[in-house]
Amino acid sequence: MKHSFYSWTIVAMLWIVAFLNYLDRILITSMRDPIVADFGLTDAQFGLLTSVFLWSYGILSPFGGFFADRYSRKKVIVFSVMVWSAVTLWTGFTHSFYEMLTARFLMGVSEACYIPAALALITDYHKGRTRSLATGLHMSGLYAGLALGGLGGYIAELWGWRSGFHVFGIVGIVYSIILLYVLKDYKKTAEEGTATVTTESISLTGALKELFSKASFFILLVYFAVLGIVNWLVYGWLPTFLKDHFHLNLGEAGISATGYIQIGSFIGVVLGGILADRWTRKNNRGRLYVLIIGFTLGAPFLFLMASTTIFSIAIIAMLFFGLARGFNDANMMPILRQVADGRYIATGYGFLNFLSTIIGGLMVYVGGALKDAQIDLSIIYQVSAVAMLLATWLLFAVKLKKN
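Everything in the sequence shown is counted per this note's numbering, starting at 4 for the first residue and increasing by one.
To be clear, the hints were calculated from the coordinates, so they are not data collected in a lab. Every residue, glycine too, gets a C-beta built ideally from N, C-alpha and C. You may find that some hints are simply not true.
Using 25 Å as the maximum straight-line C-alpha spacing, the simulated BS3-like pairs for lysine-lysine come out as follows [unchecked claim]: (1) Lys78 with Lys130; (2) Lys190 with Lys78; (3) Lys285 with Lys374; (4) Lys402 with Lys130; (5) Lys77 with Lys187; (6) Lys374 with Lys190; (7) Lys374 with Lys246; (8) Lys405 with Lys217; (9) Lys212 with Lys402; (10) Lys130 with Lys190; (11) Lys130 with Lys404; (12) Lys130 with Lys217; (13) Lys405 with Lys212; (14) Lys285 with Lys404; (15) Lys405 with Lys285.
Simulated restraints, written as ranges between beta carbons of each label pair [stated by the list, open to error]: (16) Thr12 with Leu211: 29 to 37 Å; (17) Gly163 with Asp379: 37 to 45 Å; (18) Lys190 with Asp36: 48 to 56 Å; (19) Asn252 with Val386: 22 to 30 Å; (20) Tyr184 with Ile378: 53 to 61 Å.
Let's have the full structure, built from the sequences with the hints guiding it.
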């Protein structure tokens, strides 16, 4: 195939971008103490730095996706990487809370453009036989960025917190310039036909009409919103839960909360991608079934994690929950390709991202409020697991186009 080698080059190039995408956004959390001390921040102010990122990221995601559909995936990706890297660099030069708050807002705006455009470009190049695996491998870059985000704490101890933002900001800017010259938008081969869609035929009102006229897209929205709730409860409160429930120290709880789930997720995106691609060759609903199987197993394991008093069992449960999440990440965009109008793939994923981030981010606050009301986190995770299972089974009603 004409695009065979370059299609995997795309995945490799964007894996690095995905790594930087998550690393740059969470550097601030691993450098909390020196930043709070330097600026004299309250806990509420430091929390707002994360909140304003989530709000801007979530709200702008559909627009970032639309720009990728309307204009150029490549240009949106390069713009996104260049701007958020410049903002990362600038963060290291901020000298007030409001400067950093502005930087975090701009970080959310610029990063919102990346994921919808990147997944759309990857699935442009990768068709049925490799689509899920390629998507999953790219998503593993996000896991790597999240897993290594803790390096910021060591950098802060060795060279000061500002140096981490300087280094990774410069790396991102340089890499965006490289992408400008080597990244290419997909062009149809002769075998695929020469018909093109003009940019004039792609509009925001058209996107809204096409996407929200499909019941299957609404089902995906509900599913992804519930997944966002579960994910953000895990991101926000799992270290606290593990520390209190299993009497771990803070370091052990933090490593356990991310480490085991990330290991499971790494396995899940590869295994889930391979299984889905192979199953889809024989059954058009193969990807959907892989995703459903994932959380039909993963949700009960989340419930088990919240219920057991034996830490080794909780570790196994976290691994299986991570595996299910990997199955999802490898297949969500390929499934969307079989649901949405081909002109509005990135826009559709942007809406999924929007709802997941806004509702999920809100649940971090709600989880804290419930904990303050003396409601045990184990109950919150148990209820979330049941909701995740029910949302997963809703996917049986999704209607798919031929892959």
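Here's how the hints hold up against the structure:
1. Lys78 with Lys130: holds, 22 Å
2. Lys190 with Lys78: holds, 15 Å
3. Lys285 with Lys374: Violated, at about 47 Å.
4. Lys402 with Lys130: holds, 19 Å
5. Lys77 with Lys187: Between Lys77 and Lys187 the Cα gap is close to 6 Å, so the pair holds against 25 Å.
6. Lys374 with Lys190: Violated: Lys374 and Lys190 sit about 52 Å apart, past 25 Å.
7. Lys374 with Lys246: Satisfied, since the Cα-Cα distance of roughly 14 Å is no more than 25 Å.
8. Lys405 with Lys217: holds, 16 Å
9. Lys212 with Lys402: Holds: Lys212 and Lys402 sit about 18 Å apart, inside 25 Å.
10. Lys130 with Lys190: Holds - the C-alpha atoms of Lys190 and Lys130 are around 13 Å apart, at most 25 Å.
11. Lys130 with Lys404: Distance ~14 Å between Lys130 and Lys404 Cα, so the pair holds.
12. Lys130 with Lys217: Judged against 25 Å, a Cα distance of about 23 Å means the pair holds.
13. Lys405 with Lys212: holds, 21 Å
14. Lys285 with Lys404: holds, 15 Å
15. Lys405 with Lys285: holds, 12 Å
16. Thr12 with Leu211: 29 to 37 Å: Roughly 34 Å apart at Cβ, these two residues keep to the hinted range, so it holds.
17. Gly163 with Asp379: 37 to 45 Å: At roughly 40 Å between Cβ atoms, Asp379 and Gly163 fall inside 37 to 45 Å, so the hint holds.
18. Lys190 with Asp36: 48 to 56 Å: Between Lys190 and Asp36, where Cβ atoms are some 50 Å apart, the hint holds.
19. Asn252 with Val386: 22 to 30 Å: Since Asn252 and Val386 have Cβ atoms about 28 Å apart, the given range 22 to 30 Å holds.
20. Tyr184 with Ile378: 53 to 61 Å: holds, 54 Å
Hint check: violations occur at hints 3, 6; the rest are consistent with the structure.
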